[in-house]
Amino acid sequence: MIDLIILGVIVLIIVIVLLWIITTYNAFIQIEKQVQNSWAQIDVQLKRQADLIPNLVETVKGYAKFEKKVLTDVTKARTAIMSAKTPAQAARGENMLSGALKSIFAVAESYPRLQASENFKALQEELSSTANKVAFARQFYNDMVMKWNTLILQFPSNVLANMFGKNKEKESFEASASERKNTKVDFSDLS
Amino acid sequence: MDFYSQIARNKRMTYILFLLFFILIGFLAYVVSFIIDWYFGAGFIFFYSIFGVLTSIFAITSYYSSDKIVTSISKAKEAPASKFKQLHNIVEELCIASGLPKPKIFVINDTAINAFATGRNPEHAVVCVTVGCLTRLSRAQLQGVIAHELSHIKSYDVRTMTIATVLVGMAVLLSDMMFRMFFFGSLGRSNSRDSGGIMIAMIGISILLAILTPIIAKMITFTISRKREFSADATAIQLTRNPEGLATALEVIEKDTEKLEAANKATAHLYISNPLRGQKLLMKSLFSTHPPIKDRVRAIRGH
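In order, the protein sequence lines correspond to chains A and B. Start counting the first sequence at 0; every next residue gets the next number (numbering that gives the first Met the number 0). Start counting the second sequence at 0; every next residue gets the next number (numbering that gives the first Met the number 0).
What the hints contain is simulated information worked out from the structure, not anything from laboratory work. The model shown is predicted, which means the values in this text are computed figures rather than measured ones. Just so it is clear, CB atoms sit at the ideal spot from N, CA and C, and this is done for glycine as well. Honestly, I wouldn't trust all of these hints.
Unchecked claim - Reference excerpt, derived from the structure (chain A facing chain B, CB under 10 Å, subset only):
no. : residue
1   : W19
2   : Q33
3   : Q35
4   : Q40
5   : Q44
6   : N118
7   : A121
8   : E124
9   : E125
10  : K132
11  : V133
12  : A134
13  : Q138
14  : M143
When you get a sec, could you build the whole thing from the sequences and use the hints?
And the structure:
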């Protein structure tokens with residue numbers, strides 16, 4: 000009788016441990032997938048934003064005069080984004096891009112006829128929306144990265160993380176503090 | 000409360016609602032069939048099974064087409080992306096922020112400011128706003144309102160709220176029918192083969208039920224919707240990271256005195272703010288579908 004109880008307890012413990020391993024492993028896979036997807040989302044939105052800018056420049060050109068530097072800045076930012084491999088590189092590209100945007104809008108400010116044009120208004124809406132999408136994608140990505148890092152560092156899931164080779168910390172999409180200060184673009188007045 | 004337990008609670012709530020609904024309808028149908036049986040002298044099992052089949056069909060279709068039922072009651076039309084670019088953009092932005100699939104977007108042609116979400120799950124969800132929302136709110140305010148609606152979708156509030164709407168509507172309809180039948184059935188019919196005692200008791204019960212059913216049904220929806228508004232506000236801010244957008248939007252909505260024509264008592268609890276204005280009931284706090292906007296704004300601003 001005693002033997003049976005001991006056997007039962009051992010079986011129960013094994014079942015619980017197995018269930019824990021399965022659910023934790025599935026959590027690894029699921030979160031990793033989410034991190035990948037949200038990274039892809041940032042990438043898509045950043046490229047969209049970069050593609051919108053030449054369009055904006057074309058529209059604005061008819062009304063306002065630009066320095067050559069604005070255009071070269073945009074091109075540079077685009078190449079930086081297109082070739083970015085890590086979140087830090089992409090963040091740098093995004094900062095350059097929003098810097099270029101800022102100077103375009105600064106120029107546009109002094110042309111009321113441009114501000115009134117339907118085409119420009121539509122572009123403004125597109126740009127502020129894409130900027131929001133980038134910001135939200137980044138927010139979601141960073142949340143997922145935090146979830147991942149917590150899971151693989153926290154006991155006891157870190158034991159399984161090491162066992163399955165899922166122990167690599169992921170990098171969040173973060174501009175450095177000084178960069179963030181320089182390139183703050185306020186989109187709230189755009190709409 | 001954390002998000003996953005909120006979702007679990009909502010799914011549980013749907014089962015409870017269906018169960019309550021079936022018990023209530025089962026009881027109503029029993030009494031109705033009993034009276035019909037007495038009136039015609041036969042047919043209890045026949046009528047009871049008809050009720051059973053009809054109710055089951057109704058419950059299943061209401062589950063799978065709840066979004067269509069609610070949008071058509073509310074006279075909402077699907078909003079094409081070409082015409083409502085900014086609205087589509089805002090929804091897309093917040094879907095990225097929340098990780099939700101993009102819901103269908105509907106618009107109600109009314110200048111009152113209001114919005115609701117419906118559907119059985121995030122994959123079959125609908126967000127609906129009035130034209131007033133689009134013309135009288137700023138972009139940041141509209142973003143706050145949409146974020147509030149997406150929070151209802153993410154937490155599966157929409158499922159519970161939509162199912163409650165449709166089931167309560169059905170229960171109210173049935174008790175209404177019973178009330179009428181009772182009047183037509185009892186007048187001019189003084190004798191029957193049944194003994195009078197049981198019949199009088201049955202008629203008493205049926206009157207009581209006809210009065211109580213809509214009240215019970217309403218009470219269910221009240222308890223559902225009020226707490227949810229606060230948690231949806233909280234999640235909305237977590238998404239937009241801009242409390243002022245939603246707070247000022249709610250303030251604009253509070254000052255708005257316009258009544259939303261397409262809303263009725265059955266759908267009122269779905270909306271972001273009570274669409275039936277100027278209804279000062281005696282037991283206002285007990286019977287209001289929404290917490291006071293002032294309380295919500297205070298909670299959002301955190302003081």
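Now the hints, each set against the structure:
Proximity of A/W19 to chain B is violated relative to the hint, the smallest CB-CB distance being about 17 Å (cut-off 10 Å). Residue-level restraint check for A/Q33 holds (minimum Cβ-Cβ distance to chain B is 7 Å; threshold 10 Å). Evaluation of the A/Q35 hint against chain B yields a violated restraint, the C-beta minimum of about 13 Å exceeding 10 Å. Look at A/Q40: its Cβ gets to within about 6 Å of chain B, closer than 10 Å, so that hint holds up.
Because the beta carbon of A/Q44 sits about 7 Å from the nearest beta carbon in chain B, less than 10 Å, this interface hint is met. Of the supplied interface hints, the one on A/N118 is violated, with its beta-carbon coming no nearer than about 13 Å to a beta-carbon of chain B, more than 10 Å. Proximity of A/A121 to chain B holds as hinted, the smallest CB-CB distance being about 7 Å (cut-off 10 Å). A hinted interface residue such as A/E124 counts as satisfied when its beta carbon comes closer than 10 Å to some beta carbon of chain B; here the least separation is about 6 Å, so the hint holds.
Hint on A/E125 holds. Least Cβ distance to chain B is approximately 8 Å, under the 10 Å limit. Interface restraint check: A/K132 against chain B, minimum CB-CB distance 5 Å, threshold 10 Å, status holds. Nearest Cβ of chain B to the Cβ of A/V133: about 9 Å, under the 10 Å cut. The hint holds. Of the supplied interface hints, the one on A/A134 holds, with its beta-carbon coming within about 8 Å of a beta-carbon of chain B, less than 10 Å.
Taking 10 Å as the C-beta contact cut-off toward chain B, the hint placing A/Q138 at the interface holds, the least distance being around 6 Å. The closest approach between the C-beta of A/M143 and any C-beta of chain B is roughly 9 Å, which is under the 10 Å cut-off, so the hint is satisfied.
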